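Trainee: Sequence:
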Amino acid sequence: MATDAHQPVTSAYRLDGPMPDPAQGVFETTLVVDGKALELDAHFARLEASLGALYGEPLPPGGRQLVADAAAGIELGRVRLTVLPGGGASAAAVPVDEALVFPARDRAVELAPVAVPGGIGPHKWADRRLLERAEADVGPAVPLVVESDGAVLEGSRGSLFLVDGGTLVTPPADGRLLPGITRAQTIEAARGLGIEVREQRVAVDGLAGADEVFLTGAVRGVEPVRRCAGVAEWDSGEVTARVAAELRRLWLG
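In this text, residue positions in the sequence shown follow my numbering: the first is 1, and each later residue adds one.
FYI, nobody ran anything at the bench for these hints, they're computed from the structure. A quick note: this is a predicted structure, and the numbers were derived from the prediction, not measured. Even for Gly, the Cβ is constructed at its ideal location relative to N, Cα and C. Incorrect hints may appear among the rest.
Using C-beta positions, here's what the derived DEER-type ranges look like [claimed, not checked]: (1) Arg14 to Gly35: 39 to 45 Å; (2) Arg198 to Ser236: 21 to 27 Å; (3) Leu100 to Val197: 21 to 27 Å; (4) Gly35 to Thr167: 37 to 43 Å; (5) Leu252 to Pro85: 31 to 37 Å; (6) Gly62 to Arg201: 40 to 46 Å; (7) Arg107 to Gly192: 23 to 29 Å; (8) Pro61 to Ala23: 17 to 23 Å; (9) Ala136 to Pro95: 36 to 42 Å; (10) Arg133 to Asp41: 29 to 35 Å; (11) Pro122 to Arg14: 18 to 24 Å; (12) Pro18 to Gly56: 21 to 27 Å.
Could you build the full structure based on these sequences and the hints that come with them?
Mentor: Below is the structure:
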């Protein structure tokens, strides 16, 4: 159950600055387990959609091989494929600490609302200057991107979910936020567990009434949230644990 943290807020720290530069390309990052990149088809489908919408270009023909070569030999890690306008592509992989994948409750994160009018949009921009500035400004909290009207969009490193009376709620993928691959998996997994899921507008102040809050992403999986600065704090939750366990089973066996 949420507990009030200081006073509820009706506005967030406003982040002004240049939006991502499309000339720097787009990218995808996914988890590597035993030398294999997970959910690669879904990531390439999203990448293909972005390349078509932004540049009118197809996937680079050697992209999958770049990912496979970068991921080879890594027991647990993440691989990032970056594609530039014109078809230039590169991939790099690094190991990941096991404790960061489906992190335990003692690693639950704090969020800090950051207003970005219009959001970051539906593409995974290689130019992350805006989000990096937000992370520097509010760190060690994770920026929670919100609209100028206080509507929650997403975390700087994952999609946002809240639990309200046993129902899982997430902001709609309406063009203002990234349609996360793990977000879609989470919705499917939750429904498979018999959990009702709703995609609807969430106000930042409305988080105060949530029972549980968590982020989802392609490397960390399900990441519990313990606090949103100025809004509320949350205890560990049963729904978060159930969804995390199901995704862990699908990813890691």
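Trainee: If a hint holds in the structure, say so; if it doesn't, say that too.
Mentor: We went through each hint and held it up to the structure:
1. Arg14 to Gly35: 39 to 45 Å: About 44 Å separates the Cβ atoms of Arg14 and Gly35, which means 39 to 45 Å holds.
2. Arg198 to Ser236: 21 to 27 Å: About 22 Å separates the Cβ atoms of Arg198 and Ser236, which means 21 to 27 Å holds.
3. Leu100 to Val197: 21 to 27 Å: Between Leu100 and Val197, where Cβ atoms are some 26 Å apart, the hint holds.
4. Gly35 to Thr167: 37 to 43 Å: holds, 38 Å
5. Leu252 to Pro85: 31 to 37 Å: This hint holds: roughly 36 Å between Cβ atoms.
6. Gly62 to Arg201: 40 to 46 Å: Because 41 Å falls inside the window, the suggested range holds.
7. Arg107 to Gly192: 23 to 29 Å: Once the Cβ atoms are compared, 26 Å apart, the range 23 to 29 Å for Gly192 and Arg107 holds.
8. Pro61 to Ala23: 17 to 23 Å: This hint holds: roughly 22 Å between Cβ atoms.
9. Ala136 to Pro95: 36 to 42 Å: violated, 25 Å
10. Arg133 to Asp41: 29 to 35 Å: 33 Å Cβ-Cβ, so the 29 to 35 Å window holds.
11. Pro122 to Arg14: 18 to 24 Å: holds, 22 Å
12. Pro18 to Gly56: 21 to 27 Å: Given range 21 to 27 Å: holds, Cβ gap about 23 Å.
Consistency note: the structure conflicts with earlier hint 9 alone.
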